[in-house]
Structures are given as C-alpha cells and as structure tokens.
Amino acid sequence: MLLIVLKLLPLSAILESVFGDAEDGTPFVLRKIATIVLYLIPYLVVGYDVVIKALKKIGTGDFLDEEFLMMIATIGAFAIGDYPEATAVMLFYQVGELFQSIAVGKSRKSIADMMDICPDTAIVLRDGSEEEVDPSEVSVGEIVLVKPGEKVPIDGLILDGTSSLNTAALTGESLPVEVTPGSPVYSGSINLTSAIKVTTTTEYENSTVARILELVENSTDKKSRSEKFITRFARFYTPIVVLLAVLISIFCAIFTDLGISGSIYRGLIFLVVSCPCALVVSVPLSFFGGIGAASRRGILVKGSNFLEELSKIDTVVLDKTGTLTEGAFAVDAVHPNQVDADKLIDIAALAESRSHHPVAESIVNAHGKDINSSRLGDVEELPGRGIRAIIDEKEYFVGNGKLMEEVKADFHECHLPGTVVHVAMAEAEGSSEYLGHIVINDVLKKDSPDAIADMLRAGISDIVMLTGDNEKVASKVAGEVGIDKYYAGLLPGDKVDKLESLLDGTRKVAFVGDGINDAPVLTRADVGIAMGALGSAAAIEAADVVLMDDRLSKIPEAIRISRKTMRIVKENIAFSLFVKIAIMFLGAIGLADMKLAVFGDVGVLVLAILNSIRAMRIPKTR
Amino acid sequence: MKRTFKLEDLDCANCAAKMEDAISKLPGVTKVSINFMAQKMILEADDDKFDAVLKEAVKCVSKVEPDCRIIL
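Quick mapping for you: the protein sequence lines, in order, are chains A and B. Residues 1 to 622 in the working numbering are what the first sequence spells out, letter by letter. Residues 1 to 72 in the working numbering are what the second sequence spells out, letter by letter.
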C-alpha cells in the first residue's frame, strides 16, 4: 500500500500544477473542487481505513479516539486549504501505526517465545503401544515416554531410565540435573541424554509448567501502583487536553489573524498529541517484560504490584533453617574421649541406625559404611533423652546431657554450637564410661554468604535473621553468612511479632522463608518470598514471589530485575509526558505542525514500546 | 466463576484500557483484566449471571474497537 501512495503523491502534485497554473478561464470554484477531489484520491488511498473506522465509531458515542482525531485533523488541513498536509499527516500517521504494530507484534512474539516452556504433546504408553496425545488428556498414574530432546509433559516419578534433565526453563539454572528411577521430574524440563519412562503424579492442569504459565499470565491481574496511576491519569488527561484545545482555538480565533479554520487547526494539534497510548501500552508492557525476565531465571512474581514493591525493598528478613541453611543436618565435629573418632561414630551410627530422625540419619551418613545390624542387639528409645542399645554384647547410651547425667557418665558439654549427641558405655554399679560426643549442625547453603553480600551491594540496608534455634547456633550461622542482626529462640508465633515490629511504616520489608511453616509471616510481609518451590504447591500459594529452586542468590537478582523494570517504567512516563507537553506548548505558540503532533502520538508510542522491551532482558549481575 | 478468553485483533492499548473500564462497570462483574500484550481477558463474574455478563462484555468490546473479537 505504501508503494502505491508514494507513486500517487507526485502524481497529485503534477495534477495540481496542471490545474493550478491553467489560466484557461475555468471558474475558480470549479478548479478548487477539482483540486480537492484530486487530493482526496491519495488521501483516501492512504487513510481510507482510518476514516471508515472513525465514521463507524461516531455512532457509538465514545468516538474520541486516535482515528477520529486523525480524521478531524486532516479534514482541518483540507479546510485551511493545505491539501498536501492532509495527505502527508495521514501518511505519517499510518507509517507510525505500521511501526507500532511491528513493535507490538515483536514484543508479543518475544513474550510467546518466553512462555514456550509448554510441551505440545505427550507420548503415553497405553496397552504396550505409544500414543501421542495432548498433555491434558493424560491421567494420573499413566506412563509417559520422554525421548531425548523433548520436554517432560507432566510432573511424575521416573519409572525406568537414567538421564540428565535441563531445568533451565523452570529454575533458570543451566546445570543439568541427573535423574534415576524414582527421581521426581517436573514438566517443562528438557530431557537431554536418553529416553525415560515417567509415571505421572498429577494432571496437566496441576503440573509445574501449567502452574507457572498461569501465574505469569495472570500476573497482570494484580496491577501495580504505576499502572493504576496511568489508568487514572488517562481518565483526566484526555478531557483536560480536549478542553485546552478548545480554549486555544477560541483564543486564536479572537486574538490572532489565523482565521477560524486556522485556529481550529492549531487546537487540533493538541488533540492529536493527546492520546495517552504511549503510557497505556508501555507501562504494563514493561511490567510484563520484567515478570517474564524474572520467570526465565526461575523467579515467579505473582503480580506487577509485587514487582514494584520488590524494587523498593530495603529490609530483608530471613528464616534460618531451609533458607540460609540446607535444612538438612550433618556431622560438624567428632570429639572422642579415650576412644578413636571412628569407633565413636561406629557406635553412634549402629545405635541410631533404626531411627528416622534427621539427627540420627546424619550420623549414619557420616559413618558412610555398611552397618552390620547383626552386631546390634536390643535397642530401646528413651523419649526426650536418647537411645539405649546393645552393641557387640555391650550396653551403650547415645543421647543428650540429661541421659548422661542419668547413667552417671563423666561428660562435659561441647564449646561448639549445635545439637550434641553424647555416647557412653555402661560399666558396673550403674555408672558409665564417657566415650565422647558428636556435634551436628544444619549445613549452610554454599551460596548464602555470597548472596548476603550481593544483597548488601544491591542496596539492602538491613538484613535480619529469625530462628527458633538457640543463641549459640544463631550467632554462629549469622557470623558465617555475614548478618549482624538476628533474633534467636523464636517460636513460630514470635516470628510474626518480630516481623511486625520491623514493619514500622518507614521501611519495606521482604520475608524469605521455605514456605513450609512460615505462611503467616510470608503473608504479613510487604513481599513474601518462598524458596525451593519446585513441586511444592503450598509455597506457591502462600508467597508473593516464588523462587523455583532454593538458591538465595536469586533474591538480589530478583531485586535487580524489579529495579530495572521500575527504571524503565519511570523513563517511559517521564519521556512520553515531556515530549507530549513540549509539542503541545510548541503547538500553542504556533511552532509545531501536524506532523510533529503525529510524532508526539505514534512516534513516542513506538519509542516507549522499544524501551519497554528492554525489561525482558535479564540485567547483568554486578 | 473465572474464565480466560483470547481477544483477536486487539490493536490499541488505550482501547484495551477502555474496554476493561467499561466491562468492570457491568453489573455482576467481580473483576476483569485485559492484557493487551498477551491479548487475553480474564473475566470473573457471578456464576449465575456469567453468560449474561459475557454477552454484555462482547458488546463493550465491539463498541470500543469494532474489529476486535472475543474468542468464545
């Protein structure tokens, strides 16, 4: 279409010169009509659809939109006799629209690509044969075959096969995960090396990938304050500009020599710039882009409002267990007394080998070797104290200080923080020989210290750790990760109180927990962040921001993404308003023509969209 | 009841905002959100009135942008 227009433009100019210069006595009016008709041809070729749309809408009552304004503006140009201007303005507008639709289409496509974690089909094994079906048609307990290079369609457990999976789409981590029979697999991960058979544990609608997609797509549901501001702003802005346009026209008509049509035309420049589209499109698009970028890093933000809040966070409150630490126990130190360390671990591991308590399991893990249960005789659990076990026909006591006191062992408490398991061997006359103790501690996550340092670098002024553990353990962990403020010995209810004491209105507080039993604290904080949510529906439910894996380093990253998004939003608001107001001002004093006004409308829109697309890119760390 | 619809030929963001505004004022609508970029509308309305609300919503959409259609 553009080509036709470009060919027609010079043609109409030629025609005009023929008619305009002709001194053959043709009546002036006739010549004028002929000129208008001839100019109407390229005008309509360029803008027939705009005119049709505008005319269609006049009947509906709410017609003050772009098309209507363009029609009026160009009719205005005809009215003041500036015929080429009418076509040029329309052409300029159409080119702008073309750019706009390219920009919108492009960003829609990048969003679609970003969301392309959804498997299209699933191969189900039914009656021994492979059947390709839609993932939503697979029911719980069926066996699906995932070939190398394909996406896992539904969450499940591996029935057969060993492979490595790329979970980057879910967690943002590119390191492949090794899976063996019995391992859970999550939909959306890509099978890398060899075919696996998976027994499904959920329906497609409830599988990880479907939940992520729903979260991200519905995130625009919860509007940020900036978005609400724009909607409210647009409501006042348009009528005010219309009023100003009318006032300017009246003013010019009375006090200048522009004439009525000239004055109206000047007012029209105002109207054309008036569309708040640049803001209405670019602000939500920036948020959507930011949320998308975060989701590609395994950070699910449940709404634009939370992304906005996240950018303002200055205080981060962390739970200790499961957040800073693995939430899994491991033997930290072995302090034998009179026997060697291996012997001490050996006795303790044998005694604890039948228990499923995490502390017992950590000792068995530290033992590392096969446990010969034939050496183990009678085992008795002593509630709140420990275990009495017969090993190699000798009587041993494994437990806390209270137990040691009871069996009259000459024990001493350890100087190290943590859970201490004492071991003693029974002797005659009810007393026992003390063999030493084992110190067990929750293991610190590898990236915790770095993540804390990174948060401080990202401008978080206050980091506070909450824990139910005792003072000694708390100060050890806080020291190791680099947190100087902590509260120890808290009951679950105390955590909410502590958080509330921090929420004094002067700061924005994020709480980070593992989402398992800290739901009340998560909901109370300005932003509740749950980590390690892969496969945990409860955590996704309770939090505002969900980290798909349990790496604390995702938190400074999330804050960076949110800040970048907010910067882009603010840039767009400032830029669009500045350009529009400047053009209005220039238009009012007669320095801006209609083409500049059209630029103020579509040109600004295109630039704002292009800027918003930047929000989709993940900011570089450091 | 909450349902998601796809919108075809939704070309103008300001129009999307206008549609959202008009639909949110319909009686029976609890919540409506139109995502211009994803071309989707999430409509939440009372169960018994949902069909009637949807019919009105379709009208709102075509009134604001005649070319735009809700895919039912």
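Everything labelled a hint here was simulated from the structure, so no lab data went into it. Do not rely on the hints blindly, as some may be mistaken.
[What the hints assert, rightly or not] FRET-style restraints, in silico, Cβ to Cβ:
| hint | chain 1 | residue 1 | chain 2 | residue 2 | range |
| --- | --- | --- | --- | --- | --- |
| 1 | A | 48 | B | 59 | 20 to 28 Å |
| 2 | B | 55 | A | 447 | 48 to 56 Å |
| 3 | B | 49 | A | 358 | 52 to 60 Å |
| 4 | B | 49 | A | 139 | 50 to 58 Å |
| 5 | A | 199 | B | 2 | 27 to 35 Å |
| 6 | B | 21 | A | 577 | 16 to 24 Å |
| 7 | A | 192 | B | 59 | 49 to 57 Å |
[Unchecked claim] In silico lysine-lysine, BS3-like type, Cα no more than 25 Å apart, as pairs:
| hint | chain 1 | residue 1 | chain 2 | residue 2 |
| --- | --- | --- | --- | --- |
| 8 | B | 63 | A | 56 |
| 9 | A | 564 | A | 312 |
| 10 | A | 228 | B | 2 |
| 11 | B | 59 | A | 57 |
| 12 | A | 57 | B | 63 |
| 13 | B | 31 | A | 223 |
| 14 | B | 31 | A | 222 |
| 15 | B | 63 | A | 53 |
| 16 | A | 228 | B | 63 |
| 17 | A | 53 | B | 2 |
| 18 | B | 6 | A | 223 |
| 19 | B | 2 | A | 222 |
| 20 | A | 57 | B | 49 |
| 21 | B | 55 | A | 53 |
| 22 | A | 56 | B | 55 |
| 23 | A | 53 | B | 49 |
| 24 | A | 109 | B | 55 |
| 25 | A | 222 | B | 40 |
| 26 | B | 31 | A | 106 |
| 27 | A | 228 | B | 40 |
| 28 | B | 25 | A | 56 |
| 29 | B | 25 | A | 394 |
| 30 | B | 31 | A | 228 |
| 31 | A | 222 | B | 6 |
| 32 | A | 56 | B | 49 |
| 33 | B | 6 | A | 109 |
| 34 | A | 508 | B | 6 |
From a predicted model like this one, the values you see are computed outputs, not experimental measurements. All C-beta atoms in this analysis are idealised placements derived from N, C-alpha and C, irrespective of residue type, glycine included.
Could you work out which of the previously given hints the structure breaks and list their numbers from low to high? Hint check: 4, 17, 20, 23, 24, 26, 29, 32, 34 fail, others pass.
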